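Engineer: Listed below are the residues making up each chain.
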Amino acid sequence: MSKHWKEILVYICAAILLIIRVDLWWWGKKIYPLVFGWITIPMIYQFLIWIAGFGLVSYICYSLWDKDPDEV
Amino acid sequence: MNSQTIQIISIIGLYMLGCIILGIRSYRSGASASDYLMASREFKFFILFSAVFGANISAVTLIGVPGTSYHVGWITWAYFGTAWAWLSPLLFYTIGNRSWLLGKKYDIVTISELLGKRWESKGLQYISAIFLLFYLIPYLMVGVIGGGRTVYGLTNGLIPYWAGALVVTLVVCFYVFLGGMRGAAWVNALQTSIFLIGGIVIFFVIAYSLGGFGFATQTIADKYPELLNRSNMSWQRFFSYGIIVSLAVPVFPNVYSRLLTGKKPSELKKTVLIYPIAGLLIFVLMAYAGMWGRIPIPGLKGAASDGILPMLLAKYAPAWIAGLLGAAIFSALMSTLDSQLIAIGQIFLKDIIIPVRKGGSLKQNDAIIGRALVIFFAVIAFVGALIQPKGIINIIEWSFGGFACMFFPVVAALYWKRCGKIAVLGSIIVSQFLSIALPLGIVPKSMLFGMLPAFWAMVGGFVTLFILTYITPAPNREFTKNFFSTFATQTAYNPVR
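For the record, the sequence lines run as chains A and B. Its first residue numbered 4, the first sequence is counted upward by one per residue in the numbering used here. Its first residue numbered 5, the second sequence is counted upward by one per residue in the numbering used here.
Please keep in mind that the hints were generated in silico from the structure rather than gathered at the bench. Source: prediction; values computed, not measured. Note that CB positions come from ideal geometry on N, CA and C, so glycine has one too. One or more hints might be untrue.
Unchecked claim - With a straight-line Cα cutoff of 30 Å, these simulated DSS-like cross-link-like pairs (lysine-lysine) come out:
#1 A:K33 with B:K305
#2 B:K421 with A:K70
#3 A:K6 with B:K421
#4 B:K48 with A:K70
#5 A:K33 with B:K227
#6 A:K6 with B:K449
#7 A:K9 with B:K121
#8 A:K70 with A:K9
#9 B:K274 with B:K362
#10 B:K305 with B:K108
#11 B:K121 with B:K449
#12 A:K6 with B:K267
#13 A:K9 with B:K362
#14 A:K70 with B:K108
#15 B:K421 with B:K267
#16 A:K6 with B:K485
#17 A:K70 with B:K362
#18 B:K227 with A:K70
#19 A:K9 with B:K267
#20 B:K268 with A:K6
Unchecked claim - Covered stretches of chain B, as calculated for chain A (at least 3 residues, CB under 8 Å):
#21 213-225
#22 234-247
#23 272-281
#24 439-449
Using the sequences plus the hints, can you model the full thing?
Structural biologist: See the structure below:
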């Protein structure tokens, strides 16, 4: 796959993340902290969205961004 | 004046002194205008990261986020963190990398300059510059307002609001006047370290004082369940703001120009990689601290909650930690303020003064004009701040929306060969009209479907750009080919000067 299409794939993944970060199924529902007494399931879900987004950023940096001539 | 207040003022005073010393050290006698405005594009990773992150993190983070989470709960960190924290850095690659290459080749500094040079249109450059200034100037006031309120809150009103606002204005003016972009970036390195470390300390102090993370959150679940279940924020707002803020940040005039100051693209790459971590961290810390603040200090109405962190620390923390909070807040707001002052100077010089000048290039003594502009707009920000317009978040959201409307024109400039200047001009005019008119209520609120007005302004701008691109003539093929040749790998690192 060419770099161009890989970039497009990254942007499609980013758009999907932006949509699914709205966890409508939990929105406004009564939520109790489950993990360590202070973390709720929607909090973990939002954190996972961030992890996935960070994964895209890392992929861009390590695989798609051209290296400088002197970059290791 | 009691000993607590003296300790707080001393720590803030030490911080201000640090800014002044760095400003003096960054001064280059006889520096060119280009060096004053862009620090000769020589920043390495840490300074570049601090300059970009500092420009981005403002009073919103340390004042507005705790204040908002006091009313709506933990979702405030996700409001920013699960979109902006990773999407804006991703877009730094999309926009920043290509702009850096163009900056080297064409000496581009501002967004309007990019648009003007891409389509060989001074008209486009002027119009986009006017819109950028239109949003940048009110945004400038936010930092000064935050400074005044912080000093007032931390000293229990002993130091009046206007005096705090004046100190912030004078110190920022001093180091930007002396060192320009370099002075601001060096000070930003200090400021970024302070607000990240300060944020961590404040978070733990507040959690500990309220009986630990678990106890504080359980109390919130029992007494204020709406702060956990997010019923105080609509999903439409959450969705649309995530998009607006993420797309706006790379085209903030003060952030954009800093993306071009790296010595090499790899310096920007390292910045992009670390950005999401720092972004998430600071928002998580501030959002939880603000939400937990509802337990000991209930009943704050509206923008009064913007002062929740100083109130909490005045109640629970030793004076030196309250002083650290003051320094952290000042760091966040001053790092944005300095970048905005420089951005305004860049826009005036590069987009308004130089295009009408014979020869059309920067002169050695333009740094004097840059410095005069810094002082002039600092005075305007201070006077505006004395009026104290309502809620910091409101001003920011309005400006964010206006900047976000520039996203698609900038992407078109960098990626879309077929796109012409009429399409871009039409897109800017339509989106900016909607961005200004929709919040005024010309369209019934029900027709916005719960989304923020800026979301529809961006959609309107994009649709206009798309349609006009295909019904208006394509730009000059030869010029476009030459412009896009900048991105070919073999010429990218050896730009034609």
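Engineer: Each of the hints needs a verdict: does it hold here or not?
Structural biologist: Now the hints, each set against the structure:
1. Between A:K33 and B:K305 the alpha-carbon distance is near 24 Å, which keeps this suggested pair within the 30 Å criterion.
2. With a C-alpha separation of about 25 Å, the suggested pair B:K421 and A:K70 falls inside the 30 Å cut-off, and the hint holds.
3. As the CA atoms of A:K6 and B:K421 are separated by approximately 18 Å, the hinted pair is consistent with the 30 Å bound.
4. Taking the CA atoms of B:K48 and A:K70, the gap is near 16 Å; set against the 30 Å cutoff, the hint holds.
5. Distance hint between A:K33 and B:K227 is fulfilled; the C-alpha atoms sit about 13 Å from each other, no more than 30 Å.
6. Simply put, A:K6 and B:K449 have alpha-carbon atoms about 43 Å apart, too far for the 30 Å limit, and the pair is violated.
7. The suggested pairing of A:K9 with B:K121 holds, with an alpha-carbon distance near 29 Å, which does not exceed 30 Å.
8. Distance check on the hinted pair: A:K70 and A:K9 sit about 17 Å apart at the alpha-carbon level, within 30 Å; holds.
9. As the CA atoms of B:K274 and B:K362 are separated by approximately 40 Å, the hinted pair breaks the 30 Å bound.
10. Restraint check for B:K305 and B:K108: not satisfied, since their Cα atoms lie roughly 50 Å apart, outside the 30 Å limit.
11. Restraint check for B:K121 and B:K449: not satisfied, since their Cα atoms lie roughly 39 Å apart, outside the 30 Å limit.
12. At roughly 25 Å between alpha-carbon atoms, A:K6 and B:K267 fall within 30 Å of each other, so this suggested pair holds.
13. A hinted pair counts as satisfied when its Cα atoms are at most 30 Å apart, and A:K9 with B:K362 does not qualify at roughly 45 Å.
14. Taking the CA atoms of A:K70 and B:K108, the gap is about 17 Å. The hint holds against a cut of 30 Å.
15. Between the alpha carbons of B:K421 and B:K267 the distance comes to roughly 28 Å, so the proposed pair stays at or under 30 Å and holds.
16. About 20 Å separates the Cα atoms of A:K6 and B:K485, which keeps this hinted pair within 30 Å; it holds.
17. Between A:K70 and B:K362 the alpha-carbon distance is near 39 Å, which puts this suggested pair outside the 30 Å criterion.
18. For the hint pairing B:K227 with A:K70, the CA-to-CA distance comes to about 54 Å; that exceeds 30 Å, so the pair is violated.
19. For the given pair, A:K9 sits about 27 Å from B:K267 by alpha-carbon distance, which is consistent with the 30 Å threshold.
20. Restraint check: the Cα-Cα separation between B:K268 and A:K6 comes to about 21 Å, which is no more than 30 Å; the hinted pair holds.
21. Closer than 8 Å: that is the beta-carbon criterion, and the segment 213-225 of chain B has 7 residues meeting it against chain A, so the requirement of 3 holds.
22. For the segment 234-247 of chain B, the assignment as covered by chain A holds, since 7 residues bring a beta-carbon within under 8 Å of that chain's beta-carbons and 3 suffice.
23. With a threshold of 8 Å between beta carbons, the proposed coverage of the segment 272-281 of chain B by chain A holds, since 6 of its residues qualify and at least three are required.
24. Residues of the segment 439-449 of chain B with a Cβ under 8 Å from some Cβ of chain A number 0, which does not satisfy the need for three, so the listed coverage is violated.
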